[in-house]
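With the hints as your guide, set chain B onto chain A.
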Amino acid sequence: MKRNVSSTTIMAFHFLRSLLHLNSYGGGGGGGVSPLRRSLRIRQAAYTSMAVAAGPRRAWSTALLRRLSPRRPHHRRAAPLRRNKIRVLGEVRRGVDDGDAALRKVVPGGDRLDCCSLLEETASYIEFLSMQVELMQRISSRSACIDLVRSF
Amino acid sequence: MATPRSSANVNEEFFLTDWNALISSDKILEISGSSNLSSYNARSLPSNDSMGEKIMRPCFNNQSFPDEMESSFDLSAACQIHVSLSHSDFTLTNSCCIERKHKGKKRKTVSESGRVLPQSPSPKNAEGKEQSNVSPESSKSSREREEMKQIAEVSPGLSSSKSAAKQAQLISHDSDALKEEYIHIRAKRGQATNSHSLAERVRREKISERMRVLQNLVPGCSKFLSMKLAAVNPELNFDNPHIFPKDINVLGEAANPGRAPEFKTPNPHLHGVGQIEPEILMATAIHQLCSMAQTPNVWDEELQSAVQMGFIPQSPSSDG
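Protein sequences appear in the order of chains A and B.
Its first residue numbered 1, the first sequence is counted upward by one per residue in full-length UniProt numbering.
Its first residue numbered 1, the second sequence is counted upward by one per residue in full-length UniProt numbering.
Treat the hints as calculated values from the structure; they're not laboratory data.
A virtual CB, placed ideally from N, CA and C, is assigned to each residue, including glycine.
Among the hints, erroneous ones may be present.
[Stated by the list, open to error] Distance windows between CB atoms, simulated:
| no. | chain 1 | residue 1 | chain 2 | residue 2 | range |
| --- | --- | --- | --- | --- | --- |
| 1 | A | SER34 | B | VAL202 | 50 to 58 Å |
| 2 | B | GLY220 | A | GLU134 | 14 to 22 Å |
| 3 | B | VAL202 | A | SER130 | 52 to 60 Å |
| 4 | A | GLN137 | B | SER195 | 45 to 53 Å |
| 5 | A | SER141 | B | GLU200 | 47 to 55 Å |
| 6 | A | SER141 | B | PRO219 | 15 to 23 Å |
| 7 | A | SER34 | B | ALA199 | 54 to 62 Å |
| 8 | B | SER195 | A | SER130 | 39 to 47 Å |
| 9 | A | CYS145 | B | GLU200 | 35 to 43 Å |
| 10 | A | SER34 | B | HIS196 | 58 to 66 Å |
| 11 | B | PRO219 | A | SER140 | 15 to 23 Å |
Extracted from the complex, chain A is given alone in its bound form (with noise of 0.2 Å):
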């Protein structure tokens, strides 16, 4: 019997986990860390958290890993599939203007997908963006009340 892991618990728990290990990578957390890096490393995690939870079904969250981590060398980079690149190409060629230019730089991976799917991956990139807010939010209420609480 399989149970569903939702892909919220997914995300929270990549998340959660990797803020843990936050200050143990870079050194063995040598001196003081900036404030500055710290962000961008929970920024990363946080993106990071959110493309494992959509798992490899999506272009963007492929994407988006591939330019997070270092990219192997030895992996061919991902072409579009046959009848997308035609359709692709096909419509830069025509001249045809969706105005979908800049949806393509915001959503990773976009450059590279057909106007259907890039709607569909746009929709799906909202959907897991807006947990990825909620959930920091969250955790970011619950450790204020702590930070508080401690305080006194």
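This is chain B only, laid out in the frame that chain A set:
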């Protein structure tokens, strides 16, 4: 058209191997700090859910966290966080799952798609019944049913006028589905049976369907788009008062004012392909995405103090 089964399997294998490589890369291991993750993702996808559960439980029951951890939450509290989070209403995952099923179903054979049909729950309202009356049991009709359910699930709060419009649209949708089968069927009155226009119509329907999903996702979008949708699809009849978008700058009010719109102004001409005007929706989506993507960690007080110290170049409007 390539054989559907083999291409699907090849894609899956490709994704899985690549995915495992990505997940188990060094950076992620360093960040997450354990090798459990690689084993977690090394299994095939359907079973990773159970693995996730197993990993979670020993981690959370352990309670042997390092004491030098300065972040003030513990994982038991975090358990409560994500448990409460999972209880929150994410019906949108359902819609996206159905989208996924709908997309994958194209690759299945007729028998398989016929099998999917009795498993799925009965359609919610009379729209499904209309559909079952008209169309025979074919792969296209089962796909239609999934689409209908997805539409019905994604937009539960439609007013009566809109649901009437949806019914009218679904009738036309249904006749389109019969034409989609690349066999020459008697065409609906006033519609061409040219294969090109058929393919275009199929593509247009796909895009409009995804537009609708996005519409429901992006808050405040349906008001702008209802007018445009009515302009493109003559079958739709919308009764509710819509706000006519004079200018795209109206969007500036919605999200934070710091973002300059990067998109072009929408051109009023419809393209030859006949797509629904995507500019305004995309503009709204981009706006929301930019505001969401650029500020994922508004919660971090240290980040705000960092801004104060000038580490992070931002607009000077933020305060500590």
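Item to complete: If any of the earlier hints don't hold here, list their numbers in rising order.
Response: 3, 9
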